[in-house]
Amino acid sequence: MFRGILPEEYSQYIAVLTEAQAIELTGQEYAEFSYFNPIILNGEWAITMEEIANCTNEQFMWVKELPLIPYIPAE
Amino acid sequence: MNYFSIINSMNKLDGSADAFLSIASITDQIIVQAVNNLVKDLKTTGIWSKCIAIYPFVGGNATSHRYNLADTSQYNLTFNGGWTHNSTGALPNGTNGFANTAINANARLTQSNTHLAFYSRTAAAAADRVSMGAIVGSSSPMVGIQFRNAAGNAVAQNASGTANQTAVTVNSDSSGFFIGNKTSSAIVGLSMIRNGVTLASNVAAITTNNFPNANVLIGAYTSTTFFDNKQVAYASIGTGFTAQNISDYQTIVTNFQIALSRNV
Numbered sequence: 001m002f003r004g005i006l007p008e009e010y011s012q013y014i015a016v017l018t019e020a021q022a023i024e025l026t027g028q029e030y031a032e033f034s035y036f037n038p039i040i041l042n043g044e045w046a047i048t049m050e051e052i053a054n055c056t057n058e059q060f061m062w063v064k065e066l067p068l069i070p071y072i073p074a075e
Numbered sequence: 001m002n003y004f005s006i007i008n009s010m011n012k013l014d015g016s017a018d019a020f021l022s023i024a025s026i027t028d029q030i031i032v033q034a035v036n037n038l039v040k041d042l043k044t045t046g047i048w049s050k051c052i053a054i055y056p057f058v059g060g061n062a063t064s065h066r067y068n069l070a071d072t073s074q075y076n077l078t079f080n081g082g083w084t085h086n087s088t089g090a091l092p093n094g095t096n097g098f099a100n101t102a103i104n105a106n107a108r109l110t111q112s113n114t115h116l117a118f119y120s121r122t123a124a125a126a127a128d129r130v131s132m133g134a135i136v137g138s139s140s141p142m143v144g145i146q147f148r149n150a151a152g153n154a155v156a157q158n159a160s161g162t163a164n165q166t167a168v169t170v171n172s173d174s175s176g177f178f179i180g181n182k183t184s185s186a187i188v189g190l191s192m193i194r195n196g197v198t199l200a201s202n203v204a205a206i207t208t209n210n211f212p213n214a215n216v217l218i219g220a221y222t223s224t225t226f227f228d229n230k231q232v233a234y235a236s237i238g239t240g241f242t243a244q245n246i247s248d249y250q251t252i253v254t255n256f257q258i259a260l261s262r263n264v
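Residue numbers (my numbering), protein chains in the order written: chain A, 1 to 75; chain B, 1 to 264.
It should be emphasised that the hints constitute simulated quantities derived from the structure, not laboratory data.
Any given hint might turn out to be false.
Unchecked claim - So, partial list: chain A residues that the calculated Cβ filter (under 10 Å) puts toward chain B:
id, residue
1, Y10
2, I14
3, A20
4, Q21
5, I23
6, G27
7, F33
8, S34
9, Y35
10, I39
11, L41
12, T48
13, M49
14, E51
15, F60
16, P73
A quick note: this is a predicted structure, and the numbers were derived from the prediction, not measured.
Cβ coordinates follow ideal geometry from the N, Cα and C atoms, glycine included.
Let the sequences and hints guide you as you build the complete structure.
Shown next, in the form of structure tokens:
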């Protein structure tokens, strides 16, 4: 669980980034052999709950403080 | 002889299995024996030599999941975006998650002689997602497999970008062991196989045999498109299979999943 959200609920939330933050995170490791992949969702740069919750890279721990917004995944 | 080799020497581990288990730091004896039997069976049946990469997804974390059993020195996965790793495999989030094999399709795959294999543990709703594939842009050549796209079809494709060259059929269950298998450019040279059964083959000769100048991805078509939501518990990439290979591969991978108590 991360910030009160269960892993099975992760797909229902995303964290919105500024373009500068997206550029900063792109291609950077959030955990061993795992890399951020900021993409545009609903017209905004964003990363996903899995990247935030599993981030262990001290350089990017600020992502854990990003505001979360609801997201409806495409089917 | 390394630590793991000494520990496992009593069990007479295959050298390839030993190398993989060592670098992946796997000591669980159920997994050790399952991987050892997998390697021995793949070698005995001649499937091993047809694989550039084999990803068994054992060990339950990104580090152990990344290694290429066929050759741990190359084509190890890097995970991008959101993934969930556990003992039953690796699950991309369907939003931005994919794994890069570092296998450039144009440089490494053999024209008219290719396979992409994926053991899916997820029966997902129909949607335009790609479980394995490579493409540069909408007009580039493409290679890929889908198990239940938005139209409800299973698809294996090796298309030019301008000609839609596919094996396609309706499929209602995206779980199981899928293989996109290409052995020629002729009719029925490209097939989509699920659980050892050919679902569909191409009905017209494939006249354009290109591959994209892009890496084969697991869980997407590109780093920004067609993200998949199916848990992968085994995948391989290599040359095309004979009918006997397909039958043997189905048995071997099924036994591997049963040994790990994660078969679907």
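These are the hints, each one checked on the structure:
1. The interface hint given for Y10 (chain A) is met, as the beta carbon of that residue sits about 7 Å from the closest beta carbon of chain B, less than 10 Å.
2. About 7 Å separates the beta-carbon of I14 (chain A) from the nearest beta-carbon of chain B, less than 10 Å, and the hint is met.
3. Here the hint on A20 (chain A) is broken, as its CB sits about 19 Å from the closest CB of chain B, past 10 Å.
4. Among the interface hints, the one on Q21 (chain A) is violated; its C-beta lies about 15 Å from the nearest C-beta in chain B, farther than the 10 Å criterion.
5. Interface hint at I23 (chain A): violated, since its Cβ lies 15 Å from the closest Cβ of chain B, which is beyond the 10 Å cut-off.
6. With its C-beta approaching chain B no nearer than about 9 Å, G27 (chain A) sits inside the 10 Å limit, and its interface hint holds.
7. Hint on F33 (chain A) holds. Least Cβ distance to chain B is approximately 5 Å, under the 10 Å limit.
8. The beta carbon of S34 (chain A) is positioned within 10 Å of a beta carbon in chain B (closest approach about 4 Å), and the interface hint is therefore held.
9. Interface hint at Y35 (chain A): satisfied, since its Cβ lies 5 Å from the closest Cβ of chain B, which is below the 10 Å cut-off.
10. At about 5 Å, the closest approach between the beta carbon of I39 (chain A) and any beta carbon in chain B falls short of 10 Å, and the interface hint on this residue holds.
11. About 7 Å separates the beta-carbon of L41 (chain A) from the nearest beta-carbon of chain B, less than 10 Å, and the hint is met.
12. With a cut of 10 Å, the hint placing T48 (chain A) at the interface with chain B holds, because the nearest CB-to-CB distance is about 4 Å.
13. For the restraint placing M49 (chain A) at the interface with chain B, the shortest Cβ-Cβ distance is roughly 7 Å, inside the 10 Å limit, so the hint holds.
14. Hint status for E51 (chain A): holds, given a least beta-carbon distance of 6 Å to chain B, under 10 Å.
15. Annotation: interface hint on F60 (chain A) violated; nearest CB of chain B at approximately 14 Å, more than 10 Å.
16. Interface restraint check: P73 (chain A) against chain B, minimum CB-CB distance 6 Å, threshold 10 Å, status holds.
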